[in-house]
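Novice: For chain L, the structure is supplied; the task is to place chain G on it using the hints.
Residue numbers (the working numbering), protein chains in the order written: chain L, 1 to 118; chain G, 1 to 110.
If you are wondering where the hints come from, they were derived from the structure by calculation, not from laboratory data.
If you're wondering where the values come from, they're calculated on a predicted model, not measured in any experiment.
All residues carry an ideal CB built from backbone N, CA and C; glycine is no exception.
Keep in mind that the hints are not guaranteed to be accurate.
Stated by the list, open to error - Covered, in the sense of this in silico footprint (three residues per stretch, anywhere, with C-beta under 8 Å from a C-beta of chain G), are these stretches of chain L:
1) 37-46
2) 108-117
What the hints assert, rightly or not - No more than 30 Å apart at the CA atoms, straight line, and that leaves these computed lysine-lysine pairs for DSBU-like:
3) G/Lys42 to G/Lys97
4) L/Lys64 to G/Lys97
5) L/Lys14 to G/Lys69
6) L/Lys41 to L/Lys64
7) G/Lys42 to G/Lys63
8) G/Lys69 to L/Lys41
9) L/Lys66 to G/Lys69
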Amino acid sequence: GAVVSQHPSWVICKSGTSVKIECRSLDFQATTMFWYRQFPKQSLMLMATSNEGSKATYEQGVEKDKFLINHASLTLSTLTVTSAHPEDSSFYICSARGLAGRHTGELFFGEGSRLTVL
Amino acid sequence: EDQVTQSPEALRLQEGESSSLNCSYTVSGLRGLFWYRQDPGKGPEFLFTLYSAGEEKEKERLKATLTKKESFLHITAPKPEDSATYLCAVRGGNNRKLIWGLGTSLAVNP
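So that you can see chain L by itself, here it is in the shape it has in the complex (with noise of 0.2 Å):
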């Protein structure tokens, strides 16, 4: 299948920091992808969608000034976690959506990132 890395896989920071988390489609173009949050034994929660080259669309309650995000290229998206709380503690997971072909349709995940701010 389809490869999607992300990075880092754990990040500790202060309160009042910010954390950059990268995800990339490493055999394939997207030019779609997704942002999830998860917490302890819940689904996944959807808090963006991002399309190379334009604005993200954020679902309802995510604060777009809080959690950047942009897609500059059709591999590369960045989450950027702007002046963290505790409570942003979470596992983040980017996808990315297959093109044409035999992945038409199926969301390839990356190995999430588990965000503790102190």
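Specialist: Okay, now just chain G, sitting in the frame of chain L:
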């Protein structure tokens, strides 16, 4: 309202004991039902996509089936390495977003 319900919430099996996981859904105009496997601290791993009732797909010890109301993930002679959370998601015609179930946590004892 589009909805996905997975059952059971948790399942414990002995190695070799076959069983099935259920994913019931209500959606307007199904455009795909997806099964994923998620290991602790990892992102979900794609398993199957099903598009129409009657469709079946297999991969090693896993077999996914689909009806108009639900999907089953059958696990034949499971091994301890099959232990994971299995997630189901659907995409409907009115909404391009995936609707996720809460998952079934599977534990296979040796």
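Novice: Confirm or reject each hint.
Specialist: Hint check results:
{"no.": "1", "hint": "37-46", "result": "holds (count 4)"}
{"no.": "2", "hint": "108-117", "result": "holds (count 6)"}
{"no.": "3", "hint": "G/Lys42 to G/Lys97", "result": "holds (21 Å)"}
{"no.": "4", "hint": "L/Lys64 to G/Lys97", "result": "holds (19 Å)"}
{"no.": "5", "hint": "L/Lys14 to G/Lys69", "result": "violated (47 Å)"}
{"no.": "6", "hint": "L/Lys41 to L/Lys64", "result": "holds (25 Å)"}
{"no.": "7", "hint": "G/Lys42 to G/Lys63", "result": "holds (23 Å)"}
{"no.": "8", "hint": "G/Lys69 to L/Lys41", "result": "holds (25 Å)"}
{"no.": "9", "hint": "L/Lys66 to G/Lys69", "result": "violated (39 Å)"}
In terms of the numbered hints stated before, the structure departs from hints 5, 9, listed from lowest to highest.
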